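S.K.: First to last, the protein sequences are chains A and B. Reminder that position 372 of the first sequence reads as 372 in our numbering, one-by-one numbering, no gaps. Reminder that position 30 of the second sequence reads as 1030 in our numbering, one-by-one numbering, no gaps.
Think of the hints as simulated: they come from the structure by calculation, not from any bench. Please note: incorrect hints may appear among the correct ones.
Partial pick of chain B residues on the chain A-facing surface, computed with a CB cut under 7 Å [to be verified]:
#1 Val-1016
#2 Arg-1032
#3 Met-1039
#4 Val-1043
#5 Val-1050
#6 Leu-1084
#7 Arg-1087
#8 Leu-1088
#9 Glu-1091
Some, not all, of what chain A presents toward chain B, calculated at C-beta under 10 Å [claimed, not checked]:
#10 Phe-127
#11 Val-131
#12 Glu-134
#13 Leu-138
#14 Ala-142
#15 Ala-145
#16 Gly-148
#17 His-150
#18 Val-153
#19 Ala-156
#20 Leu-160
#21 Gly-163
#22 Ser-167
#23 Ile-174
#24 Leu-184
Here the structure is a predicted model, which is why all the values come from computation and not from measurement. Cβ atoms here follow ideal geometry from the backbone N, Cα and C, with glycine treated the same way.
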Amino acid sequence: MADVIIWLVAIPLVGAIATLLLPRPATLLVVATGVATSTAAGLLLYSVAIQGALHYEVGGWTAGLGIALRADGLSALLLMMVALVMLAASVYSSAYFKEATQRERFWPLWLLLWTALNALLLSGDLFNLYVTLELLGLSAVALAALGGTHAAVAAALRYLLVGLLGSMMFLAGISLIYAGYGTLDMAQLAQTLAAGPVAWTALALMTAGLLLKTALFPLHFWLPPAHASAPAPVSAVLSALVVKAAFYLVLRLWLDVFADMVTPTAANLLGVLGAGAVLWGSWHALRAERLKLLAAYSTVAQLGYLFLFFPLLQALPPGAARELAAGGLVILALSHGFAKAGLFLAIGVIQQRSGHDNIQQLDGTAQRLPATTFAIALAGVALIGLPPSGAFLGKWQLLAAAVTSGQWLWLLVTAIGSLLAAAYIFRVLGHAFGHRPYPNQPVAVACEEWPALLLGATATLLLGLASAPLWTLLEIGS
Amino acid sequence: MLTAHVMYGLSGCLLVALGLRTTLLHASLLRRVLAINVMGAGVFMMLIAVAYRGLGVPPDPVPHALVLTGIVVAVSATALALALARRLHAEHDNG
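Throw the hints in and build the complete structure from the sequences for me.
M.R.: Here it is as structure tokens:
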């Protein structure tokens, strides 16, 4: 069953080339590619649950020389999230881009982005991670520029420069690691790394590069313009998946590879930056005038919560409490992925149907687009962290870990952040439910409204009510 | 003792620092693209220095492979950055 790993990279890559060469049946090709990739992701998740972690050596070359791919519980779960979000956003994109020429430019990049995400989540060595990070960055920048407006191109260019700077720092860290330890395989490094100046500098360089890419406060400055000016399905995927890919790498480095070297001070630093992100991002989301900007600032805040877990996980001794907290981190990340993608798709529907995304002028939206408004509410439940959403479980574990380890500050930050989130979501809903007599307008088609609704429901209902197996899966390490 | 490969490595570090400084401090777009490339060259020099295994011994091929891949990535990324920058300039000239 280990072969399914390579299918997850090969299918979207072949799909990307096919849509480039055959633009006419592209939509059909994307549907086939999407369904096949999602099936592969499901199969992988099933195999990991049954057999444990999987390994695959591309072309039969052993690790060190060849490319080693591996999947454990964490990567299988994230791959499943990527598949579901990309599938829903693909369906939405087929309705979002009205002109054939737009779709011809969009599909190859879209599938390339999917390939890069899958390859990144499966990579077992640091250099391969660098290459996949660059693939991801380049396709994400090209997609973000597709809007074609001056603001979109300027934001995409800034996004590219920031991304390149991040990758260069990551690569500098890699060269130090290779100089010091002679290997880039993450599993081997986890055993041989020793605390010292080389490993410290490498970790600092790689982390700084990744924090830039994952837009942790105060390195978030590039995210709101880039995410707010991209086409709606692209914004959805950038916010839900692309920043999370860099976060996944921080998680791998700090909790797996460099786990023995992380000191409380370093972990607290990440926690403080996360707290800054929660407060700053939530406040700016509340003050935003446009829906897309609100969603983008909300992404800055939601990523902050994930970093609050680092000092807590560092303080908790290995055991049940730590496992619960780690599971809380993952479910919060998954829940945000689905909810934010759903929110951006719903905003896209509103923007296309009303011609604007100005929050002040949303009155009557609930009458005209009830399903989309419901999708925003569902996503909002998960963003605030109300029960029964997956985010509620995640924040519950965050609070429990904060109480257990006596770090009360994070509890306060989470409470303020959640209140601000409630305020910015209800501000949108308050306007959307405002009464205003509107002339009858055609209702949106199912392809536009359903993806957002399903993503919101996944974040709020599925992850909240059926997430117990998640903790069992996460115990499957590589 | 300051041998050749140590000098290579240190110059690489210097180039990384110079590139990083300009990327962060200068607003000019072209300068920043160039600075990121200087930084890349520094990282590549560090990797080449890492490959040295002593006189008469063939160098470690893995860092060389990394540098080759890195150059391909850097060239593609620079091309994309320049294409986007041209697009911005064209719009400035027209509007």
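S.K.: Evaluate each hint against the coordinates.
M.R.: For each hint, the structure was consulted:
1. Val-1016: 6 Å, holds
2. Arg-1032: 6 Å, holds
3. Met-1039: Constraint on B:Met-1039 satisfied, holds at 5 Å.
4. Val-1043: 5 Å, holds
5. Val-1050: Where the cut-off is 7 Å and the nearest Cβ of chain A is about 4 Å from B:Val-1050, the hint holds.
6. Leu-1084: 4 Å, holds
7. Arg-1087: 5 Å, holds
8. Leu-1088: 6 Å, holds
9. Glu-1091: With a minimum Cβ separation of about 5 Å from chain A (threshold 7 Å), the hint on B:Glu-1091 holds.
10. Phe-127: 6 Å, holds
11. Val-131: 6 Å, holds
12. Glu-134: With a minimum Cβ separation of about 5 Å from chain B (threshold 10 Å), the hint on A:Glu-134 holds.
13. Leu-138: 6 Å, holds
14. Ala-142: Holds: closest Cβ of chain B sits about 7 Å from A:Ala-142, inside 10 Å.
15. Ala-145: 6 Å, holds
16. Gly-148: Constraint on A:Gly-148 satisfied, holds at 9 Å.
17. His-150: 5 Å, holds
18. Val-153: 5 Å, holds
19. Ala-156: 6 Å, holds
20. Leu-160: 5 Å, holds
21. Gly-163: Because about 8 Å separates A:Gly-163 from the closest Cβ in chain B, which is inside the 10 Å limit, the hint holds.
22. Ser-167: 8 Å, holds
23. Ile-174: Given a least distance of 8 Å, the restraint on A:Ile-174 holds.
24. Leu-184: 8 Å, holds
Taken one by one, the earlier hints all hold for this structure without exception.
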